[in-house]
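Working from the sequences, and respecting the hints, build out all of it.
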Amino acid sequence: MSEMPDEDIARQVQQGDVEAFGILMNRYEPKLTRYGRKFLADEEHITDLVQDVFIKTYTNIQQFDASRRFSPWIYRVAHNVFVNALVKRGRERLVPFDLDTLLPHLSAKETADEATHRDELRSMLDDCLGQISSKYREILVLYYFEELEYKEIAEVLHIPIATVGVRLQRARKELTKVFAEAHPNYEQ
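The opening position of the sequence shown corresponds to residue 920 in the numbering used here, with each subsequent residue numbered one higher.
In case anyone wonders, no lab produced these hints; they're calculated from the structure.
Bear in mind that the values here come from a model prediction, so they are computed numbers and not experimental data.
Where hints are given, some of them may not hold.
[Stated by the list, open to error] Only pairs whose alpha carbons sit at most 16 Å apart, straight line, appear in this in silico EDC-like list of lysine to aspartate or glutamate: (1) Lys1007 with Asp961; (2) Lys950 with Glu1066; (3) Lys950 with Asp984; (4) Lys1096 with Asp1046; (5) Lys975 with Glu948; (6) Lys1007 with Asp967.
[What the hints assert, rightly or not] If you anchor each label on the Cβ, the simulated ranges turn out as follows: (7) Pro1079 with Glu948: 24 to 34 Å; (8) His964 with Thr1082: 22 to 32 Å; (9) Thr1030 with Asp961: 29 to 39 Å.
Yeah, the Cβ is synthetic: ideal placement off N, Cα and C, and Gly gets one too.
What follows is the structure, given as structure tokens:
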């Protein structure tokens, strides 16, 4: 059952198979935790909120349309939980992006100079990403980190597909601008 598509497992949960929900939790816990880190800095609070996401998901599983993809649906639940937490707590300092996901992993052949350069670039990007507006930061996370398609991002954020493309383009532009302003002498 662990190799079944999420949608089939969700269908089993809808039919009362509680153990099947455990499979979904195992699949999505690391993803939702990573997603939560883009909103909040407190690791314990993120863990609690991810559990809230699972509770809301299980409670509302009958509303899931199993003919559609499961991932955008659960990310929408997570989005709502994390945004509500931000509103309740006030704006908390965001944790820097996990740039290991953004930048390619070190290759075995990478020299010490290349590794140092990569670490410096990671630090510079990290600073810049923290300055991007939350709506652009979130769309970058969904597209580059969670690898959702435009249609799925549109479902998560409740925006038209065309808006996804526009926001993604603007997010890249804003990141480039912030990076250029912060590091005008940067050479690749």
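Verification of the supplied hints:
Our distance criterion of 16 Å between C-alpha atoms is met by Lys1007 and Asp961, whose separation comes to about 14 Å. Distance hint between Lys950 and Glu1066 is fulfilled; the C-alpha atoms sit about 11 Å from each other, no more than 16 Å. The hinted pair formed by Lys950 and Asp984 fails the criterion: a straight-line CA distance of about 21 Å is larger than 16 Å. Restraint check for Lys1096 and Asp1046: the C-alpha separation of about 13 Å stays at or below 16 Å, so the hint holds.
Distance hint between Lys975 and Glu948 is fulfilled; the C-alpha atoms sit about 14 Å from each other, no more than 16 Å. With a C-alpha separation of about 14 Å, the suggested pairing of Lys1007 with Asp967 holds against the 16 Å cut-off. For the pair Pro1079 and Glu948, the beta carbons lie near 31 Å from each other, so the given range of 24 to 34 Å is met. Restraint check, His964 to Thr1082: a C-beta distance of roughly 30 Å satisfies the suggested window 22 to 32 Å.
Thr1030 and Asp961 have their C-beta atoms about 37 Å apart, which keeps the hinted 29 to 39 Å range intact.
In the structure shown, a violation is registered for the earlier hint numbered 3 alone.
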